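Could you build all of it, start to finish, from the sequences and the hints given here?
Numbering (our numbering), first residue to last: 4 to 175.
Please keep in mind that the hints were generated in silico from the structure rather than gathered at the bench. You can trust all of the hints, since none of them are fake.
Simulated restraints, written as ranges between beta carbons of each label pair:
hint: 1; residue 1: Lys108; residue 2: Glu31; range: 28 to 36 Å
hint: 2; residue 1: Ser47; residue 2: Arg126; range: 34 to 42 Å
hint: 3; residue 1: Glu20; residue 2: Arg126; range: 18 to 26 Å
hint: 4; residue 1: Ser152; residue 2: Arg126; range: 19 to 27 Å
Pairs of lysine to aspartate or glutamate, DMTMM-like flavour, derived with a Cα cap of 25 Å:
hint: 5; residue 1: Lys146; residue 2: Asp38
hint: 6; residue 1: Lys132; residue 2: Glu151
hint: 7; residue 1: Lys17; residue 2: Asp104
hint: 8; residue 1: Lys108; residue 2: Glu154
hint: 9; residue 1: Lys30; residue 2: Glu127
hint: 10; residue 1: Lys132; residue 2: Glu20
hint: 11; residue 1: Lys146; residue 2: Glu109
hint: 12; residue 1: Lys163; residue 2: Asp150
All figures in this text were calculated on a predicted structure; none of them were measured in a lab. Just so it is clear, CB atoms sit at the ideal spot from N, CA and C, and this is done for glycine as well.
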Amino acid sequence: MSTLVVIVYPTEQKAEEVRQHLFQLQKEHLISLADAVIATKTESGHIKLNQLVNTTAAGAVTGSFWGLLVGVIFLNPLLGVAVGAASGALGGALTDVGIDDTFMKELAESIQPGNGALFVLIREMTEDKVLKDIQNFGGTVLKTSLDESKEQLLRDALQKHADSISPVPPAV
4 MSTLVVIVYP TEQKAEEVRQ HLFQLQKEHL ISLADAVIAT KTESGHIKLN QLVNTTAAGA
64 VTGSFWGLLV GVIFLNPLLG VAVGAASGAL GGALTDVGID DTFMKELAES IQPGNGALFV
124 LIREMTEDKV LKDIQNFGGT VLKTSLDESK EQLLRDALQK HADSISPVPP AV
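Take a look at the structure:
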């Protein structure tokens with residue numbers, strides 16, 4: 004079963020930095036990601052999703068290949084490519100892999116304009132090492148599917164960063 008974690012960062016760039024760091028941790032086999040999407044809210048309130056895979060483009064490429072193959076068989080490769088690309092693009096546009104886009108847009112409505120919400124769908128992870136590694140990035144947990152104790156560990160790890168950069172008020 005996959006785990007969903009949504010962390011809000013002050014900027015889209017910070018969220019992208021964390022996403023790239025998670026990809027590095029994946030290369031080190033400390034985490035296995037099913038999806039990682041950044042949602043931002045513009046000043047006008049529009050929600051933008053920065054996804055890893057453009058399913059429409061991927062569908063068009065796949066459809067073009069199969070259309071070419073069918074077109075060669077029926078002696079009309081150009082028509083086959085055109086029909087294949089169109090049907091593949093349509094199929095790709097209708098395909099939603101990973102985290103549901105509607106869910107991400109609805110949840111991202113609650114963030115402030117300019118913030119970046121990092122949606123991560125985790126297949127597996129070495130929790131203690133990953134938490135220790137990402138705590139230096141800070142962030143605020145918006146939503147998780149973790150159980151309460153694990154969610155609190157994540158919140159505590161991210162809070163350590165916030166506490167380390169906040170000056171301690173002098174004792175009176």
